[in-house]
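> Chains as they are written, first to last, in UniProt numbering: chain E, 1 to 486; chain X, 1 to 486.
Check before you lean on any hint, since a few could be wrong.
You can't tell identical chains apart in this list, so a pair holds if it fits in one copy or across any two.
Derived EDC-like pairs: lysine to aspartate or glutamate, alpha-carbon spacing no greater than 20 Å straight-line [what the hints assert, rightly or not]:
#	residue 1	residue 2
1	K119	D380
2	K40	D69
3	K437	E345
4	K119	D167
5	K40	D380
6	K40	D240
7	K391	E470
8	K119	D230
9	K46	D307
10	K40	E83
11	K121	E172
12	K391	D307
13	K121	E175
14	K46	E64
15	K437	E83
16	K121	E192
17	K121	D167
Hints listed in this document are in silico derivations from the structure and should not be mistaken for laboratory results.
Number of protein chains: 2
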Amino acid sequence: MAISVETFFLAPGFQGTLQAQIQQLIAEGILSGRFRRGEKLPSSRKLATHLGVSRITVTLAYTELLANDYLTSRGRSGYYVSENAPVPPSFDPPKPREDRIDWTRALGRRFTGGDTPDKPKDWANYRFPFVYGQTDPSLFDHANWRLCALQALGQKDFTALTADYYDQDDPELVEFIARNTLPRRGIIARPEEILITLGAQNALWIAAQILLTQRRTAAIENPCYHALRDILNQSRCHVDAINVDRDGLNPALISNEADVIFTTPSHQCPTTATMPMDRRHALLEHARNIDALVVEDDYEFEMSFLDAPSPALKSLDTEGRVIYVGSFSKSLFPGLRLGYLVGSEAFIREARALRASVIRHPPGHIQRTAAYFLSLGHYDALIRRIREALKARRAVMQDAIEQYGLTVAGQGAFGGSSFWMRANPEVNTEILAQALKSDGVLIEPGHPFFTDEAPPQNFYRLGYSSIPSERIPEGVSRIARALGQR
Amino acid sequence: MAISVETFFLAPGFQGTLQAQIQQLIAEGILSGRFRRGEKLPSSRKLATHLGVSRITVTLAYTELLANDYLTSRGRSGYYVSENAPVPPSFDPPKPREDRIDWTRALGRRFTGGDTPDKPKDWANYRFPFVYGQTDPSLFDHANWRLCALQALGQKDFTALTADYYDQDDPELVEFIARNTLPRRGIIARPEEILITLGAQNALWIAAQILLTQRRTAAIENPCYHALRDILNQSRCHVDAINVDRDGLNPALISNEADVIFTTPSHQCPTTATMPMDRRHALLEHARNIDALVVEDDYEFEMSFLDAPSPALKSLDTEGRVIYVGSFSKSLFPGLRLGYLVGSEAFIREARALRASVIRHPPGHIQRTAAYFLSLGHYDALIRRIREALKARRAVMQDAIEQYGLTVAGQGAFGGSSFWMRANPEVNTEILAQALKSDGVLIEPGHPFFTDEAPPQNFYRLGYSSIPSERIPEGVSRIARALGQR
Numbered sequence: 001m002a003i004s005v006e007t008f009f010l011a012p013g014f015q016g017t018l019q020a021q022i023q024q025l026i027a028e029g030i031l032s033g034r035f036r037r038g039e040k041l042p043s044s045r046k047l048a049t050h051l052g053v054s055r056i057t058v059t060l061a062y063t064e065l066l067a068n069d070y071l072t073s074r075g076r077s078g079y080y081v082s083e084n085a086p087v088p089p090s091f092d093p094p095k096p097r098e099d100r101i102d103w104t105r106a107l108g109r110r111f112t113g114g115d116t117p118d119k120p121k122d123w124a125n126y127r128f129p130f131v132y133g134q135t136d137p138s139l140f141d142h143a144n145w146r147l148c149a150l151q152a153l154g155q156k157d158f159t160a161l162t163a164d165y166y167d168q169d170d171p172e173l174v175e176f177i178a179r180n181t182l183p184r185r186g187i188i189a190r191p192e193e194i195l196i197t198l199g200a201q202n203a204l205w206i207a208a209q210i211l212l213t214q215r216r217t218a219a220i221e222n223p224c225y226h227a228l229r230d231i232l233n234q235s236r237c238h239v240d241a242i243n244v245d246r247d248g249l250n251p252a253l254i255s256n257e258a259d260v261i262f263t264t265p266s267h268q269c270p271t272t273a274t275m276p277m278d279r280r281h282a283l284l285e286h287a288r289n290i291d292a293l294v295v296e297d298d299y300e301f302e303m304s305f306l307d308a309p310s311p312a313l314k315s316l317d318t319e320g321r322v323i324y325v326g327s328f329s330k331s332l333f334p335g336l337r338l339g340y341l342v343g344s345e346a347f348i349r350e351a352r353a354l355r356a357s358v359i360r361h362p363p364g365h366i367q368r369t370a371a372y373f374l375s376l377g378h379y380d381a382l383i384r385r386i387r388e389a390l391k392a393r394r395a396v397m398q399d400a401i402e403q404y405g406l407t408v409a410g411q412g413a414f415g416g417s418s419f420w421m422r423a424n425p426e427v428n429t430e431i432l433a434q435a436l437k438s439d440g441v442l443i444e445p446g447h448p449f450f451t452d453e454a455p456p457q458n459f460y461r462l463g464y465s466s467i468p469s470e471r472i473p474e475g476v477s478r479i480a481r482a483l484g485q486r
Numbered sequence: 001m002a003i004s005v006e007t008f009f010l011a012p013g014f015q016g017t018l019q020a021q022i023q024q025l026i027a028e029g030i031l032s033g034r035f036r037r038g039e040k041l042p043s044s045r046k047l048a049t050h051l052g053v054s055r056i057t058v059t060l061a062y063t064e065l066l067a068n069d070y071l072t073s074r075g076r077s078g079y080y081v082s083e084n085a086p087v088p089p090s091f092d093p094p095k096p097r098e099d100r101i102d103w104t105r106a107l108g109r110r111f112t113g114g115d116t117p118d119k120p121k122d123w124a125n126y127r128f129p130f131v132y133g134q135t136d137p138s139l140f141d142h143a144n145w146r147l148c149a150l151q152a153l154g155q156k157d158f159t160a161l162t163a164d165y166y167d168q169d170d171p172e173l174v175e176f177i178a179r180n181t182l183p184r185r186g187i188i189a190r191p192e193e194i195l196i197t198l199g200a201q202n203a204l205w206i207a208a209q210i211l212l213t214q215r216r217t218a219a220i221e222n223p224c225y226h227a228l229r230d231i232l233n234q235s236r237c238h239v240d241a242i243n244v245d246r247d248g249l250n251p252a253l254i255s256n257e258a259d260v261i262f263t264t265p266s267h268q269c270p271t272t273a274t275m276p277m278d279r280r281h282a283l284l285e286h287a288r289n290i291d292a293l294v295v296e297d298d299y300e301f302e303m304s305f306l307d308a309p310s311p312a313l314k315s316l317d318t319e320g321r322v323i324y325v326g327s328f329s330k331s332l333f334p335g336l337r338l339g340y341l342v343g344s345e346a347f348i349r350e351a352r353a354l355r356a357s358v359i360r361h362p363p364g365h366i367q368r369t370a371a372y373f374l375s376l377g378h379y380d381a382l383i384r385r386i387r388e389a390l391k392a393r394r395a396v397m398q399d400a401i402e403q404y405g406l407t408v409a410g411q412g413a414f415g416g417s418s419f420w421m422r423a424n425p426e427v428n429t430e431i432l433a434q435a436l437k438s439d440g441v442l443i444e445p446g447h448p449f450f451t452d453e454a455p456p457q458n459f460y461r462l463g464y465s466s467i468p469s470e471r472i473p474e475g476v477s478r479i480a481r482a483l484g485q486r
């Protein structure tokens, strides 16, 4: 690649000749790794015009660098970074500028230090990755997604691809969700009651911003999705964490102070408990009595392979009390980052305005590709395939867990993609996870899910969406061995 | 398409027989537009199993609907929504549920009612769209973007496409920005000092969340980008609006109370003024003296076709005082929604954590596609083409504006894609814009850019990125006619 003339600027305060300055610009570019071996420099005429200096100054600088073997000349075709030019040391990045800002004072608010743990980014390099929420490439319908993306990249859809939607969504995607996705959960909604979000997490975040303030109380499940707790802590509301039981959240334990109840009735996160229908009705009634709203995170409902999924809480809601969070990310692929909010128009209006301020709208091309993938039936086929694969894997998991004597702590009625596990009380699963890592096994320590001041350390989660069936028994046996159970 | 069995749920409180309920489910589906003519119903066996009722109940319901001509039977192949079935009235969407929530109380915070005006979504249907910030499809390099997207959709990049990046960015895109894009603005930054955002607006929003609180003061330009004012109003900081002159923001007018200074030195938005180098130095010095940070929105720097762009303010910053906002959206296409923040590591760390909480990360596929498009040189070629087209159009605009006696209020040194215009003081450009709309001409009223309590009504903006050259003279003449100047 040619080095653009536009990367050259003369520094006003430079001490030295123009020629020296030009030499230094080029040498620094090479030493910092910005200019690479074999790259072509601008012609001396071009660079001279750009910098407003005489051409001879540039030529002299180039000649000097030739002598130093930073550059080579290829006759008429010009100057190139020499193949012998010094390589920037890979271990020593360009020295940071001296930062003179007192960032402890300058930062008005901090967002680091939340409860959400760092997850290993190189999980795919481990032989036994019992990680959660990542995709198995062998299950994804890559060919059809590619075709849909191509279609969405066609001339006809150019507008979807390039236009600034302002605060609007892709109408085809919204229509599909209204006509096909939501009815499967028993939900009837008009387009004005639906907002596309950048994944389920974005939907939860938006709901929290709109519904909560420092003076309000959110009731959450304990344990719960740690990123939700980060979101609520940032909104500075009071958080009331309610211990779940084998049927999920117990409405009788929700205090009258709660303004918003966050719940995962289909698959309690992380215990995978399924809330029975009568408790769903009781939850709605309790919410009505204390005049609270309910935010239902219906993640993974498509992964119900043990039994048909129950209708969503939202489908039982006749008052507009439930705000529903759905997502294609988990089931399609997490990197897609598409979800949706369903709620009363008054709420969706505010959500749309907030989203416009924060991100304007999710990229149009992705919305349109998803709309094609959904409406051509590929999504249903994909879900079926994933469901079957997970069902098979779950059976292998179940057998291995029994065989090696591990203890399942949470049990969902409908399936899902993980087991919630309990080790003996003296086990610290954070330390266990570290030890297993060097044995090629990734497990997820459970303590970040808990809101308790002293969270139990002996829980862990085993995901099976990214580990092939044939590796499961060996992986589980290694966990058992590390636990000293074999 | 077949109607999925999963869209059927029995309502627990239904008054009537099971058969009647099934009939009603189907009829309602048809009447609400969810089930469409010609769509296939689930087999009676399947639906019976799903609902847990006897098959004869379903068969009887289907037979009844056959008689009513809601359904037709095609022998062994099953039941279909009849071609004679009632069509849902298009003017009368399904009746909304009765909303029993007092939303005035339930909404903790409101985000609607900001300063950002509604823009016409059907601008492409107007013959003379002097709109700003939309793309001209005829200029975009559609073929190569498609090829890059295809490459990013390939097996090799499957991870980029599907993985949950947690809080990370696409390393190839970040590297390209560090090595190629930023150096053109005179900026050297390490990957730890760069964060990919969902467009420039998202970058501004993130910066405001981190740097501002209710007790802090933001200095902004007046007039300025209205969405920035919305963002700052939401953060509830004190806002100090400083009138710009022909050289943009005058640092001497910034009060000592300012904690963060938001500025657009390359092309002041909306006046298009370019800040001269000496004023840039003065601005940095003033910021240092009052210990304020500077957020530099460097939008449209690539659109400098009248003169080479000045180096960014950030390139003059030796202290980490400047936070730089860049974007590919405006120059590539607004629907892409990719931008970036450059700043000290301490700041970027917080920005990354906040972004992870709000959206996790921008979709991987789009980041990778952009990385290819950039690194293969298509972006540079595109910018050159757009720059030449805009230069030609600007010349036509200039001529027409002179010919028809309109008044340019703001003048940038480097080009851009719009003119900032002033009508006579008695003209209300909001009313003018309305009148011109029915004449096929779209102009942008200027008052939303002003922070004044009584903003001047006689300014307007004329964008020329979406109107072909040959229509410009006629469009400008219509504006002049509406202003009574011909």
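> As a check of your reading, is K46 near E64 (CA-CA no more than 20 Å) within one copy, between copies, both or neither?
within (18 Å within a copy, 82 Å between copies)
> Can you give me the call for K119 and D167, within, between, both or neither, at a CA distance of at most 20 Å?
Classified as between: cross-chain Cα gap 10 Å, same-chain 33 Å, threshold 20 Å.
> At most 20 Å between C-alpha atoms: does K121 with E172 qualify within a copy, between copies, both, or neither?
Between copies only: 16 Å across, 34 Å inside.
> Up to 20 Å between alpha-carbons, please classify K119 paired with D380: within, between, both or neither.
neither (30 Å within a copy, 37 Å between copies)
> Are the CA atoms of K40 and D69 at most 20 Å apart within a copy, between copies, both, or neither?
Intra 14 Å, inter 74 Å, cutoff 20 Å: intra-copy only.
> Please work out whether the CA atoms of K121 and E192 approach to 20 Å or closer within one copy, between two copies, in both situations, or in neither?
between (38 Å within a copy, 17 Å between copies)
> With identical chains, the pair K119 and D230 could be close in the same copy or across copies; at 20 Å between alpha carbons, which is it: within, between, both, or neither?
Answer is within; shortest intra-copy Cα gap is 16 Å, inter-copy 35 Å.
> Have a look at K46 and D307 and pick one of within, between, both or neither, based on CA distance no larger than 20 Å.
Between copies only: 14 Å across, 71 Å inside.
> What label fits K391 with E470 when the C-alpha limit is 20 Å: within, between, both, or neither?
within (14 Å within a copy, 63 Å between copies)
> At most 20 Å between CA atoms: does that hold for K121 and D167 within a copy, between copies, both, or neither?
between (33 Å within a copy, 10 Å between copies)
> Taking 20 Å as the upper bound on the Cα-Cα distance, should K40 and D240 be classified as within, between, both, or neither?
Neither: 63 Å inside a copy, 48 Å across copies.
> Using 20 Å as the alpha-carbon threshold, which applies to K391 and D307: within, between, both, or neither?
within (11 Å within a copy, 64 Å between copies)
Going through the hint list in order, the structure does not satisfy hints 1, 3, 6, 15.
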